[in-house]
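These protein sequences, in sequence, are chains A and B. Position one of the first sequence corresponds to residue 1 (full-length UniProt numbering), numbered consecutively onward. Position one of the second sequence corresponds to residue 1 (full-length UniProt numbering), numbered consecutively onward.
Honestly, the hints are just simulated from the structure, not real lab data. Small disclaimer: the values here were computed from a predicted structure and weren't measured. Accuracy of the hints is not assured; some may be wrong.
[Unchecked claim] Going by beta-carbon spacing under 10 angstroms, a handful of chain A positions derived as facing chain B:
hint : residue
1    : D69
2    : V88
3    : V89
4    : V95
5    : L149
6    : Q186
7    : A190
8    : P206
9    : E234
10   : L236
11   : L368
12   : N369
13   : F506
14   : G601
15   : G604
Where is the CB? At the ideal position from N, CA and C, for every residue including glycine.
The chain contents come next:
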Amino acid sequence: MATVTASAPRALPGGLLRHRAAQKLLLLALAAAILVPLANAKWASGSWPEALTVDLTNPLTTASNWIIDNRDSHPLFLYGFGYMSNAVVISVRAVYLVLLAAGWTGVTALGALVAWRVAGVRLAIGTAAAFLTCGLLGMWVPTMQTLALMVVAVLASVAVGVVLGLAAGLSDRLDRTLRPVLDTMQVMPAYAYLLPVVLVFGMGVPAAVLATVVYAAPPMARLTSLGLRGADKEVLEAVESLGSTARQRLLTARIPLASKELLLGLNQTIMMALSMAVIASVIGAGGLGDRVYQALASVDVGAALSAGIPIVLLAVVLDRVTGAAGERAGGEHESSPRTWLYAAVAAVAVALAGRLAGRLDWPGAWTLNIAEPVNRAVDWMTAHLYSGVPVVGGTADWAAHFTTWVLNPVRSGLQWLPWWSVLLVVAALAWLIGTWRTALTAVLAMAAIGVLGVWTPSLDTLSQVLAAVAVTLVLGLATGIAAARSDRFERLLRPVLDVFQTMPQFVYLIPVVALFGVGRAPAVAAAVVYALPAVVRITTQGLRQVDPAALESARSLGATPGQQLRQIQLPLARPALLLAVNQGVVLVLAVVVIGGLVGGGALGYNTVFGLAQGDLATGLVAGAAIVCLGLMLDRVTQPTERRAKKGA
Amino acid sequence: MRLRTTTAVAAGSALLLLTGCGAADMTKQASPFANAQGARTVTLSVQSWVGAQSNVAVAQYLLEHKLGYRADTVQVDEVPAWDALSQGRVDAIMEDWGHPDQEKRYVEDKKTIARGGGLGVTGHIGWYVPTYLAEQHPDITDWKNLNKYSSLFRTAESGGRGQLMDGSPSYVTNDKALVNNLKLDYQVVFAGSEAAQITQMKQFAKEKKPFLTYWYAPQWLFKKVPMTEVKLPPYKDGCDADAAKITCAYPHTPLQKYLNADFAKKGGKAAAFLKKFKWTTEDQNEVSLLIADQKLTPEQAAKKWVDSHASTWKAWLS
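Generate coordinates for the entire structure from the input sequences, incorporating the hints supplied.
Set out below in structure tokens:
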């Protein structure tokens, strides 16, 4: 199979490895020598030939009009989507009413007690503090709205994910069909889902919840299947020898054995759902995301931050609690039902106490206005760094230089390349790092972009992605190496990374523009900020996992720290570094649409335009092109052997 | 209260069962956050500019404090807002800049949206340069002279040409066609959002740098960054019929309110109030400045305006 052919050369000596690479290149050159003159003769043009594009504007506009005109009359909507929509509205409403009825005391107590039972005292205090901070920032009701939406979306995602995961985990055939779908969804930026969902369900909570489910279910499915497949064969055989049926085996052995993966899946699903909470505000999800989005309109970073902090706090708390639960699932730390009962009684008691004291809503006087100091800090920063800084020049000058000397040449270079040569480069890169299958996927994805008629803007976007990835990798690897060498630096870095990883991207749009002006440079900056934490994390982990014995022996041979790094740590951490590159690329691409909001233009702008004007033809084509770019970049940067254990 | 919650949940499930045998028309669904805890809720659509926020803030304040409603706001872009309004996901749009296609579809054909009367404010889109630049070069305010000055407006993004900055993709714009048809040596650069555009304009103004931008009045930023309009060939009725061949300026548009048709009929006092809501450009700007410049929350800003303009809003409530 594909994985076998790819991992084989790794075991062979270096000479042979080069030999294989040379073989592949030779084969590709041969194919190119035959195909290129043919293609060039027929469609001689620098950019993608006109004759090979398909214009989807008319069918898409017709489809969009049909949906809007028939949404209140056609049976498909009345008896199909209408029910889905109804179910979402009713369940979100039910959760929201329960949360409001519990009041802020009840919700805080319940959160803290659950955290205490599954994760210990420290996290319980953290959870309570997080909820109280949400109230203190004057964001109680929006937090509850977001929480209600999240609860429903996460439950639905888990249900969908577990069903798909069970199917993929138990049947090899289903696994083969589902895997490429899940792979594709993994690289799909959240924004690309919004437009089709909005068209069918209209603006509002149902669309937001469904878009979130589509976005957040794949990790759950992937990890469920992984857990089922990774179960210890010997245990399974033992259970089988006891004469149990297939269903008993599944329920008593395979699922419990996979509980660690299941909890990790839950953790990932929650994190993805939360990151969608803000993006979904663009389609009327309400709650915290909407506050961030509204603050953006009055260019008010402080107000955006007061709504962004609760999101970060929710994310960090949920991450730590589910993470701790996952770790405990490995050990035999069982809490008895009785303590759970006590916890429940205590939570209800606190809720009732809050109710009787007439403090159901968060008291208006207890709010803290952080907007003003934050805005002052941002103003100071932008006033002093924008331009005229002695020696180094202001950030505006850097942005202009970066645009002129990096972005413009890369863009014009890519757009100058004949279309077939771009395909050829993609094929060569993907084949060298993977198999002929991944190369084929990458080439087809790139060709699809041309067929959709967005070749030029896609190359513009690609140039921004390449520049952003380069900057991210330089900064990320440097920081990662530093963090791997110093424990104290890593400890300091951890909360910073947490915040940047979970902070809604809308919050830093304004500071980014204030520092770098409008254009592609701020778009690149936003992408770097977003992708950096993951790259730093993966690099640090990779370097730290290098076998200590190898390091020790190098040290005893008198290698300097620099030599150790270059000759032992970096080569041994190569898989992790490659993973960092891959994740960097995927994450950078995910922010391309956000870049459209600060003048990045190209595909990002088209997607935003499509959403804003309800223009399916522009938006959907741009969204599809982003997905194709993502597929192509993923295949070009993803070493094949990782595919076998991909999922975490 | 707990009892009421359970009844609400029970009622919800009963509703699900009831509709189980009939059709589920999702174009008649309210927001799940509406009418919580027995309050009557009105949901208003806020667009992404501050003027629209001011209308909504004052309406929200009066609804909550004088009429006893709970008012929710949702930020939606202009065109999708029409769709949300027709489905009842929002009850009212307070400021619309003219969308003839949507008006025909929803108001005339489907009759799911009702006109709510004028807002009292007249909107105008145009090209603007900062006033300090217009004082330096008085003839820059005529489009015929723009080519002469295009080198002033060059940026890294605009290539070798001058930069004409456009804003959010949700706004009405003919700028690309105008630049083309008037043969101007300019490149339209889309800021992608109004927030980005304002931030950039403020940065330019701080350094007294020249810039040319798509902008609109009424807008609070004029108080912070005084700007002068560049005269384009005058607007005549129908000169913007073919968007690709357009060579004339943008019209002056009396801004309109729209209500969901059901809400307009059954919305009681709230609907009547929103229909009567009508104020002036100065009123709107006053609230907008409080929000955007003094960074008051929309609620505080609305309170300030309401406290000092009793005669204006009392007429809306009668």
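Here is how each hint holds up against the structure:
no. : hint : result
1   : D69  : 8 angstroms, holds
2   : V88  : 8 angstroms, holds
3   : V89  : 5 angstroms, holds
4   : V95  : 9 angstroms, holds
5   : L149 : 8 angstroms, holds
6   : Q186 : 26 angstroms, violated
7   : A190 : 17 angstroms, violated
8   : P206 : 7 angstroms, holds
9   : E234 : 47 angstroms, violated
10  : L236 : 41 angstroms, violated
11  : L368 : 13 angstroms, violated
12  : N369 : 9 angstroms, holds
13  : F506 : 9 angstroms, holds
14  : G601 : 6 angstroms, holds
15  : G604 : 8 angstroms, holds
The earlier numbered hints that this structure contradicts are 6, 7, 9, 10 and 11.
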